[in-house]
Amino acid sequence: MNAAPRLAHPALPPLRGSVAAHASLADFIWFRTGGEAEWLVRPADVDDLSTFLTALPADVPVLPVGVGSNLIVRDGGVPGVVVRLPKRFASVSVESDVVTAGAAAMGITVASAARDASLAGLEFLRGIPGTVGGAVRMNAGAYGREVADCLIDATVVHRDGRVETLAAAALGFSYRHSGLEDGAVVVSARFRGVPGDKAAVTAEMDRIAAEREASQPLRSRTGGSTFKNPPGEKAWQLVDAAGCRGLKIGGAQVSEKHTNFLLNTGKASSADIEALGEEVRTRVKAQSGIELEWEIQRVGVKQ
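The numbering of the sequence shown is numbering that gives the first Met the number 0, which starts it at 0 and goes up by one.
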């Protein structure tokens with residue numbers, strides 16, 4: 000992203016929530032790498048966020064971040080405002096066949112609430128290691144389902160401060176993508192389940208958990224699936240066929256357990272991780288003729 004003018008604290012609009020200058024993002028981003036946020040903002044509630052964004056100068060970039068499970072923050076940091084919703088945005092409730100979730104709720108929390116209400120169709124969210132907000136923004140999916148299959152609507156605070164509830168059909172969903180504009184912050188979402196057998200739903204969630212544990216490097220510093228699956232192909236198979244299993248650049252490595260995962264082996268920089276991903280893309284293109292697309296979002300300024 001292009002660098003924006005640095006902000007003096009008085010330039011920030013009032014906020015009832017918290018504001019931190021030069022805040023570490025590596026403290027919670029899954030890779031544990033990357034530079035600081037110029038300003039890390041945690042709004043008190045939706046009205047607080049709306050008022051803040053309405054008054055924030057239009058040329059200041061805004062980036063919503065959840066738990067950073069599918070994110071590379073570049074080493075030069077993120078200029079402008081990073082919005083991270085606090086725990087009060089993580090409530091989940093169920094009424095009839097509708098699960099309402101704050102955008103800071105984790106996918107597993109939504110899946111578990113649906114299970115407890117004997118609702119099926121949301122089990123795949125057990126395999127999404129991020130927040131509801133991130134899942135909506137990128138149309139997250141796993142195990143044959145995606146957010147677009149079950150989302151009713153999402154409430155969004157636009158970059159200009161407008162609060163709007165958008166039906167799923169208005170979100171421009173495609174594979175691992177939504178049409179939400181830069182700076183828009185998802186604050187809540189509603190999902191529809193279908194009546195099901197609680198034991199069967201539990202068994203499916205357990206199957207997903209076991210499959211993830213067996214096939215993915217869950218206990219490593221990683222960023223989830225690195226590349227999108229090309230039509231008719233599996234990204235990990237293309238990476239493996241190109242001889243990239245275990246490939247290293249600096250402190251970054253292609254996972255030997257699942258080749259569509261990159262790892263911080265302990266001392267990687269974000270530059271190492273991104274360079275490794277680009278090297279994998281180059282080798283896959285040379286070997287197969289297929290150009291892999293990044294699924295991980297890369298943000299901030301390169302050093």
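Just so you know, the hints here were simulated from the structure itself, not pulled from any lab data.
Here a beta-carbon is modelled for each residue, glycine too, at the ideal position from N, C-alpha and C.
Any given hint could turn out to be false.
Derived DSS-like pairs: lysine-lysine, alpha-carbon spacing no greater than 25 Å straight-line [what the hints assert, rightly or not]:
| hint | residue 1 | residue 2 |
| --- | --- | --- |
| 1 | K227 | K284 |
| 2 | K247 | K197 |
| 3 | K227 | K197 |
| 4 | K256 | K266 |
| 5 | K233 | K247 |
What follows is a list of derived Cβ distance ranges for each label pair [to be verified]:
| hint | residue 1 | residue 2 | range |
| --- | --- | --- | --- |
| 6 | S95 | P56 | 19 to 25 Å |
| 7 | A19 | P56 | 17 to 23 Å |
| 8 | F27 | V300 | 15 to 21 Å |
| 9 | T164 | A57 | 32 to 38 Å |
| 10 | V97 | E212 | 27 to 33 Å |
Quick rundown of the hints versus the structure:
no.	hint	in the structure
1	K227 / K284	holds (14 Å)
2	K247 / K197	violated (44 Å)
3	K227 / K197	violated (32 Å)
4	K256 / K266	holds (20 Å)
5	K233 / K247	holds (21 Å)
6	S95 / P56: 19 to 25 Å	violated (43 Å)
7	A19 / P56: 17 to 23 Å	holds (19 Å)
8	F27 / V300: 15 to 21 Å	holds (19 Å)
9	T164 / A57: 32 to 38 Å	violated (23 Å)
10	V97 / E212: 27 to 33 Å	holds (30 Å)
This entry does not satisfy hints 2, 3, 6 and 9, going by the numbered hints stated previously.
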